[in-house]
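*Asks:* Now for the letters of each chain:
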Amino acid sequence: MTLLRAENVFARHGLLPAVRDVSFGIAEGEVLALIGANGAGKTTLLRTLAGAHPLAGGRIVYDESDLAGVRADQRVRRGIAYVPEGRRLFPELTVEENLLVAGRRARPGPWNLTTVLAAFPALGPLRDRLASRLSGGQQQATAIARALMTNPRLLLIDEVSLGLSPKAVEEVYACMTVLRDSGATVVLVEQDLGRALSTSDRVVCLLEGRIVLDAKTDGLSREEVVTAYFGFHQARRS
Amino acid sequence: MTWVNAIVQGILLGGLYALFACGLSLMFGVMRIINLAHGDIAVLGAFLVWSLTTRTGIGPFWALIPALPVMLVLGYLLHRTVLARSLRGGPLTPLLTTFGLAIVIQNALLQAYNPDVRSLGGAAGGIATGSWRITDQLSLSYLGVLILATAVLVLGGLQVMLRRTAFGREMRATAQDADTATLVGVPASSVYARATAIAVATATLAGVFLAVRSIFDASSGPTQLIFAFEAVVIGGLGSLWGTLWGGMVLGVAQTIGATIDPQYSILAGHLVFLIVLASPHGRSLVALRREGRAA
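Quick mapping for you: the protein sequence lines, in order, are chains S and G.
With the first letter of the first sequence counted as 1, position 205 gets the number 205 in our numbering; the numbers rise by one all the way through.
With the first letter of the second sequence counted as 1, position 295 gets the number 295 in our numbering; the numbers rise by one all the way through.
Honestly, the hints are just simulated from the structure, not real lab data.
In this text, all values refer to a predicted model and were calculated from it rather than measured experimentally.
Backbone N, C-alpha and C fix where the C-beta goes; we use that ideal spot for every residue, glycine too.
Some clues are possibly wrong.
Said to hold, decoys possible - Quick look at which bits of chain G chain S covers, simulated, 3 or more residues with Cβ under 8 Å:
#, stretch
1, 169 to 175
2, 181 to 191
Unchecked claim - DEER-style ranges, computed between Cβ atoms:
#, chain 1, residue 1, chain 2, residue 2, range
3, S, Leu-113, G, Leu-267, 52 to 58 Å
4, G, Ile-65, S, Gly-124, 44 to 50 Å
5, S, Arg-129, G, Ser-279, 31 to 37 Å
6, S, Pro-54, G, Pro-69, 49 to 55 Å
7, S, Gly-39, G, Leu-153, 51 to 57 Å
8, S, Gly-124, G, Leu-153, 34 to 40 Å
9, S, Arg-129, G, Gly-122, 51 to 57 Å
Whenever a hint applies, use it, and build me the whole structure from the sequences.
*Replies:* Set out below in structure tokens:
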């Protein structure tokens, strides 16, 4: 079943088009990697899906209902959670408070403070620490855990490993395993192509705001991805 | 002993200033709005209580029971209808909006009540004039102690609410990063509206205490705004306990100034405010304001 469908989506920064005529769907339980060079429109597309950026054209259908006019906080309560680029934790709240803020208006579901801390055991000893005092990896784990507190059906994760040390990236991808095992539907923006391909079921590559590759990762060669990523020629598979 | 009395009376007066300032501080801390209509909203609340008192014959503190919910709703609607829109227009728009709102409130009160000065002191009974006599030169007025106790309770209650309740966590999260709060399901606009409602209710409380303690008219608001603003700046922008401290420093400065010479009372408060503003503490507050963060 298709959980979310983007149909001819356009998004702009002022007059500058950032996302152009983008259409794709994501099935329930699927992990989709959204890749592309800097400025390709990945973050804008993700923010548009989350309701944090205005839709300039097209429509977004989630769970068979159009999301036009649905605010970002209402989308969260419908099950769309967003882990923003740069983590964006509340710096003067503790780890536990960051989680509880997200959990207060959560949909009913399996995730609560106890189950989230059980799934992310590294956060247990840090629960009373201010978010501003966490390492990059700890912050990213907290950001993913915070999104889980909303009991999402669809998780949008932006630049999951950006600015993290290799060890921290390992820690964060351990969190991704938790997400996969929970059956979550995930759209993942990742600059590390190797990671993106090994973690996801499908990959969508953006170039200058347009989709140039949409393919299952099974059997997809690295060369095909690199070709689409750098725009040597357009490729589209499904 | 005269100086001791001046300090004690200043601390009691500081309770009133802190009560005026806490709503201003809350709105700045959560929304980065400097509400220039805050003093006039307090006076509006005082007029509402005055109307209830004169029409029903009940005391002003009993009249607060219906007045506070009315002002809470008014504050909520004020944000939903006016401030939410002005916030979308950038940081200067709310400043201009609340300045305009202050003028509207003053003129509406003039139209409705005429320019006569009024007081709720008579309707409050013995509490407005009674005092505990400690020594020949030192006494504690019932009202001063009540105002200070109320200020401590209100500020303490707000602090507990912010630190210990789910709504308080949402408010702190929204104050730190409203966009991200929205992205974890917090309806930031609703949080803002409720913060405005609380600020308007505390302003009403302060306005009524002012009206019981002395006199008020339709144009009393701006003076109270200045004192509240000074207390907020002395105590630290957005800091609730700092607001209590700031109110007391301002009150003590004014009473000590008045002890030296009655005409120095207000001037002494302004001087302390200017000294704080010129100090490294004041400069750090200005820097925080530029960064868009509260202390």
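*Asks:* Against this structure, judge whether each hint is valid.
*Replies:* Against the structure, the hints come out as follows:
1. Taking a C-beta to C-beta cut-off of 8 Å, the stretch 169 to 175 of chain G contributes 4 residues in contact with chain S, enough for the three needed, and the coverage statement holds.
2. Only residues whose beta carbon comes within less than 8 Å of a beta carbon in chain S count, and the stretch 181 to 191 of chain G has 8; three or more means the coverage holds.
3. In this structure the supplied range 52 to 58 Å holds for S:Leu-113 paired with G:Leu-267, their Cβ-Cβ distance being about 54 Å.
4. Range check, G:Ile-65 to S:Gly-124: Cβ separation about 47 Å, and the 44 to 50 Å hint holds.
5. Take S:Arg-129 and G:Ser-279: their Cβ atoms lie about 32 Å apart, and the range 31 to 37 Å holds.
6. For the pair S:Pro-54 and G:Pro-69, the supplied restraint of 49 to 55 Å is violated, since their beta-carbon distance comes to about 37 Å.
7. The beta-carbon spacing between S:Gly-39 and G:Leu-153, approximately 54 Å, falls within the hinted interval of 51 to 57 Å.
8. Evaluation of the 34 to 40 Å hint for S:Gly-124 and G:Leu-153 yields a pass: the beta carbon distance comes to about 37 Å.
9. For S:Arg-129 and G:Gly-122, the Cβ-Cβ distance of about 56 Å falls inside the hinted range of 51 to 57 Å, so the restraint holds.
Violation of the numbered hints given earlier is confined to hint 6; every other hint is satisfied by the structure.
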